[in-house]
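S.K.: Okay, here's what each chain looks like letter by letter:
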Amino acid sequence: MSDVFAQPEWDRRTLLRRAAAVGLLATPAVSMLSACVSGGSDEPQDQAEGEKSNTNPLGVDPKAPLEVIIFNGGLGTKYATDVDIPSYNKLYPEAKVTFSQTTEVGKVVQPRINAGDPPDMVNNAGAGLMDMAAIVKAGQAQDLTDLFNAPSLDIAGKTVKDTLVPGAYDQNLFDGKPYVLNYAFTVYGLWYNAALFKKNNWTLPKTWAEFTALCDKIKAAGITPFAYAGANAAYYQYLAILTSAAKIGGTEVLKALDENADGAWTAEPIKQAAAAWAEIGAKYSDRKFAGLRHTEVQLQQNQDRVAFYPCGSWLENEQAKDTPAGFEYAVIPLPSVTGADKLPQTAIYAAAGEMYYASSKGKNPRGGMEYLRHMLGKANAAEFTKLTKVLTVVQGAADGLTVSPGLTSGNELVKAAGSDYFGYRWPDLYKKLDTECQAATNQLMFQGGTADAFCARMQKAADAV
Amino acid sequence: MSNLTEAPVGPPAAGAKSVGRRPDVKREVNAYTGLAHIALFLWAIATAGPLIWVLLSSFKTNTEIFLGQPFALPDSFSFETYVNAWNTAHVGRYFLNSVFVVAVSTAGTMLFGAMAAYVLARYRFWGNRFIYYLFVSGLAFPTFMALVPLFFILKGFGLINTFTGLILVYIAYSLPFTVFFLAAFFKTLPKEIEEAATVDGASHTRKFFQIMVPMAKSGLVSITIFNIVGQWNQYLLPLAIMQGAGADSKWVLTQGIANISTSAGYQAQWSTLFAALTLSILPMIVVYAIFQRQIQAGLTAGAVK
Amino acid sequence: MRHGKYPFIIGFLAVPVALYVTFVVAAYLQTFQLALTDWSGLGPITYVGFDNFVTMWNDELFWRSVQHNLFLLFALPLLTIVIALVFAFLLNVGGGTRGGITRGVRGSKLYRVIFFFPQLLALAIVAVIFGRVFSPDQSGMINGLLPAGWGPILFLADKDLALLCILVVLVWQAVGFYVVLFSAGMGSVPQEIYEAAALDGASRVTLFFRVTVPLLWSTIQVAWVYLGIAAFDAFALVNIMTVERGGPDGATSVLAMMIYRNAFEFSQAGYASALGVSLFILTLAFAALTLRVTRRDAVEL
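Protein chains in written order, with this note's numbering: chain A, 1 to 465; chain B, 1 to 305; chain C, 1 to 301.
Quick caveat, the hints were computed from the structure, so don't treat them as lab data. Keep in mind that the hints are not guaranteed to be accurate.
To be verified - Keeping only pairs whose Cα atoms sit at most 30 Å apart, straight-line, the calculated DSSO-like set for lysine-lysine is:
(1) A:198 <-> A:90
(2) A:206 <-> A:217
(3) A:386 <-> A:342
(4) A:342 <-> A:415
(5) A:137 <-> B:155
(6) B:217 <-> C:109
(7) B:187 <-> C:5
(8) A:363 <-> B:217
(9) A:460 <-> A:432
(10) A:271 <-> A:283
(11) A:177 <-> A:255
(12) A:415 <-> A:321
(13) A:321 <-> A:198
(14) A:198 <-> A:177
(15) A:386 <-> A:137
(16) A:96 <-> B:155
(17) A:78 <-> A:161
(18) A:283 <-> C:159
(19) A:415 <-> A:432
(20) A:431 <-> C:109
(21) B:187 <-> B:217
(22) A:460 <-> C:109
(23) A:219 <-> A:90
(24) B:191 <-> C:5
(25) A:219 <-> A:137
(26) C:109 <-> A:271
(27) C:159 <-> A:219
(28) C:109 <-> A:432
(29) B:155 <-> A:63
(30) C:5 <-> B:207
(31) B:155 <-> A:107
(32) B:217 <-> C:5
To be verified - Below, a sample of chain C positions facing chain B; criterion: calculated Cβ distance under 10 Å:
(33) 6
(34) 24
(35) 25
(36) 41
(37) 46
(38) 119
(39) 180
(40) 289
Here a beta-carbon is modelled for each residue, glycine too, at the ideal position from N, C-alpha and C.
Model the full structure from these sequences, guided by the hints.
M.R.: Here's what the structure looks like:
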């Protein structure tokens, strides 16, 4: 009588040792497999091409099918299925547009790129997005110069490039050429409930001293003055820190980070900003937020348990289902830190985000580019904003739309800022730094870290890149 | 004889020792029984508690889930989230896909795994050990390492986004565990019956299907359960394989839930996520509860020779 | 019958081996190959020899991850097996001998069903559930039960507690299966042994250590190996449940998590493959070592 899983004749020890040997002996056979995994084929496949004309400036083949893949996240996919695809089909009714959506862009698209059969237009977004720099480096992204020089879809007399918000075009560049379209225009600031503030007669702060004084009042009222989600969205906070740094020292501070210049992270403005925010974290927030996710913190704000929350203009849409009636989203720029900030208080972080690109090695790269041109049409962009409550890079497309308080407030923010807005790209260029900065931020804000430690830690990581 | 059944046994041997010890034993029994009950009860709460929470939360709004008391009753018991999960999130279709894929894959895994394990366990031939260790070494690698190469392989066969491809991959990746345990099990079966069948002129194949398999029932049952559970919960493999245009009609349940989960991350539909989770857990629990007796019997019966 | 043996063997092995080699072995072998490159996951592949392994050796996060894996490696099998053995014992033998039949405590049948539930859940689902259990807020299940004033415990956001939380969840999920497994083993212990032990005046504790455990030794051994392999993985849990996905600040980073991030986020598929090879070697080494150290003559009945 023996139990179900008795020992086999040969004992297990030798079994596993020999299994290892088998694994190693089989490695020479690897050379046979080198043909299997390839980095993408270099032979150009037959790509669709048509005659250029006024209505077809990119030379799209009107009959060629088009495949687009959209990330299904905060923006949903309705703008693609209900606006952009019909728009494309209106001009090219014979072209069959295949649409698919996913929540894991990288895992779904990357193998197809490697197999030489990528989709024509890819919305590279979400937590699982692919490294855009790597895609460009591998020659997989279509050069969009023609797109931006083409005439706009529905704004007469202007090229696509001219219709964009100033500065948005530059964010599409890699080595001086545009390879990606950053479509959404997001503004960042401190979000709050305008109704709550009105009720309590709280005035919005413009200087740091006003900010801390107000936080004292809010704390006295039993509300947590400030919070961010340490568990999965610490990058909202480091954005706030770096925004303050840019206001103190000018946009060169951020440029140095993008270029990973020597000592960029230990610059004085960054230190000052970090110190100021560390104080806020220590006095006006709570350690428990280090373990909360962004949806949880945002819910707390909806219930008026948190006053200020640093975020981008997608916030209102994201919380749409849970925002109680009477809650009015509004946003203010970060208060000035020192008395001698280089940029005015109205300066904000605003950036184009949400990447879309056309596959250069796909079957229909021109169709992919044309699709992007349709997205940049003014009417389509306005529809996008209506559906998602997010602004696009198409200038003036959202003028006159009063969809919601948050959108209105965001729009005002943009207008007040004028040309004083900036962004940075180093998290996309150096992904490991992004991870490091999130950890460093949490340490700074929730674990009593110092500004010096923050800067030193980031510099060390930046030097290793 | 299994001591878990109600089979009668002879009267306990009487002896001065046991009589004399009875009072001690009784005290000891009470203390242990009390502790035992507490421990078991606590663990049952720890086990069932989270599941009850998921069920309750599937009826709650986000605010209730994240800001309210965890086990408070929901404000309303509308089944909207379940309907939502079934229709909009297509949980119904994914559920059926999962059932189909897992049923065929488990059958295939058990068939081929048992065949391979049987041969490797009971026949001596050149290359036996090499093949056996080859199977076993597959246990030591994390599955997601294989995703990118696997995609290429399947593409070469034209099996991307097909149920055939997915099933073949499920079977292949379940073989190491199956072969490992079943080989060990087949090893222990007695040779006498087999030899008798050989003398009677049964072919190898006949011997396998008509004699060895029935004798090995308990081992087969337990490994089948493990395979069903493992394949039902498999996420990475379908993610890499079932993609492309129109793939979502072929998704399995885990992908559907991940989809809602990510949407939940962005659009905060947590209650729908929990409704989908409940829908995916319930069948497993029901099946297990119903077949629990057979499973137990299957597992222990094999111990009896 | 010697003739006809080989066709039979080949016939039975053909399909499984073919499937396995095509879909599994081929895929894993390419990992070994990629470990020697600096492939980003896209684009051309260039060989760099053992550079990745050198980087790995110098990578502080790698050693921390290995440390965490080793911790799980010892704690997970130990805790799971001990708890599962105790529960299996209670459910099968712990009720004492009544009328000569050993049986479990009252309610055993119900307990056996409930205990198996966690096994039925995908690890991803478990991660979501326990994210709520451990929430550092009043709404968390554990924090909600604490009396006010004891302060919310940060759990997953606490550098010292985070890894323990992961361990707890892994144990929670694993125990059920091993209770069933050990129950099956205990079921095969013949009645006479228990009777003899009772005759000798053995308490249930003695019964447990002197009778049950030795008889189940080979099952325990297999369980230990299999749990160890699970400890080397732990990826799904860390990915979904932890703060900063491996945090706070690397406190819950495990090898599998590092591999995943390098492959799919940092565009360093070559380095990720090298890490994968290390994981493979570590797993095999562990399994071989465990079997060596726990080797005992099987107790024959």
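S.K.: Hints first: check each against the structure and report whether it holds.
M.R.: Results of checking the hints against the structure:
1. A:198 <-> A:90: Not OK: residue 198 of chain A and residue 90 of chain A at ~48 Å, beyond 30 Å, violated.
2. A:206 <-> A:217: Cα-Cα ~16 Å, so holds.
3. A:386 <-> A:342: The given pair, whose Cα atoms are some 36 Å apart, is violated under the 30 Å limit.
4. A:342 <-> A:415: OK: residue 342 of chain A and residue 415 of chain A at ~19 Å, within 30 Å.
5. A:137 <-> B:155: Given that 30 Å is the threshold and the Cα spacing comes to 25 Å, the pair holds.
6. B:217 <-> C:109: Satisfied, since the Cα-Cα distance of roughly 22 Å is no more than 30 Å.
7. B:187 <-> C:5: Cα-Cα ~18 Å, so holds.
8. A:363 <-> B:217: Answer violated: residue 363 of chain A to residue 217 of chain B is near 54 Å, above 30 Å.
9. A:460 <-> A:432: At roughly 12 Å apart (the allowed maximum being 30 Å), residue 432 of chain A and residue 460 of chain A satisfy the hint.
10. A:271 <-> A:283: Status holds; Cα separation ~18 Å.
11. A:177 <-> A:255: Cα-Cα ~18 Å, so holds.
12. A:415 <-> A:321: holds (28 Å)
13. A:321 <-> A:198: Given that 30 Å is the threshold and the Cα spacing comes to 23 Å, the pair holds.
14. A:198 <-> A:177: Answer violated: residue 198 of chain A to residue 177 of chain A is near 48 Å, above 30 Å.
15. A:386 <-> A:137: The given pair, whose Cα atoms are some 35 Å apart, is violated under the 30 Å limit.
16. A:96 <-> B:155: holds (24 Å)
17. A:78 <-> A:161: holds (25 Å)
18. A:283 <-> C:159: holds (21 Å)
19. A:415 <-> A:432: violated (35 Å)
20. A:431 <-> C:109: violated (53 Å)
21. B:187 <-> B:217: holds (14 Å)
22. A:460 <-> C:109: violated (59 Å)
23. A:219 <-> A:90: The hint is violated at about 56 Å.
24. B:191 <-> C:5: It holds: about 17 Å lies between the C-alpha atoms, which stays within 30 Å.
25. A:219 <-> A:137: violated (50 Å)
26. C:109 <-> A:271: Not OK: residue 109 of chain C and residue 271 of chain A at ~64 Å, beyond 30 Å, violated.
27. C:159 <-> A:219: holds (28 Å)
28. C:109 <-> A:432: Not OK: residue 109 of chain C and residue 432 of chain A at ~52 Å, beyond 30 Å, violated.
29. B:155 <-> A:63: Holds, at roughly 27 Å.
30. C:5 <-> B:207: Holds: residue 5 of chain C and residue 207 of chain B sit about 12 Å apart, inside 30 Å.
31. B:155 <-> A:107: Distance of about 15 Å is within 30 Å: holds.
32. B:217 <-> C:5: With a Cα-Cα distance of about 24 Å, the restraint between residue 217 of chain B and residue 5 of chain C holds, given a limit of 30 Å.
33. 6: holds (7 Å)
34. 24: holds (5 Å)
35. 25: holds (7 Å)
36. 41: holds (7 Å)
37. 46: violated (17 Å)
38. 119: Nearest chain B Cβ about 6 Å off; hint holds.
39. 180: This hint holds: residue 180 of chain C lies near chain B, its Cβ roughly 7 Å from the closest one there, short of 10 Å.
40. 289: Residue 289 of chain C check fails; min Cβ-Cβ to chain B is 13 Å, beyond 10 Å.
Figure legend: structure checked against the earlier numbered hints; hints not met, in rising order: 1, 3, 8, 14, 15, 19, 20, 22, 23, 25, 26, 28, 37, 40.
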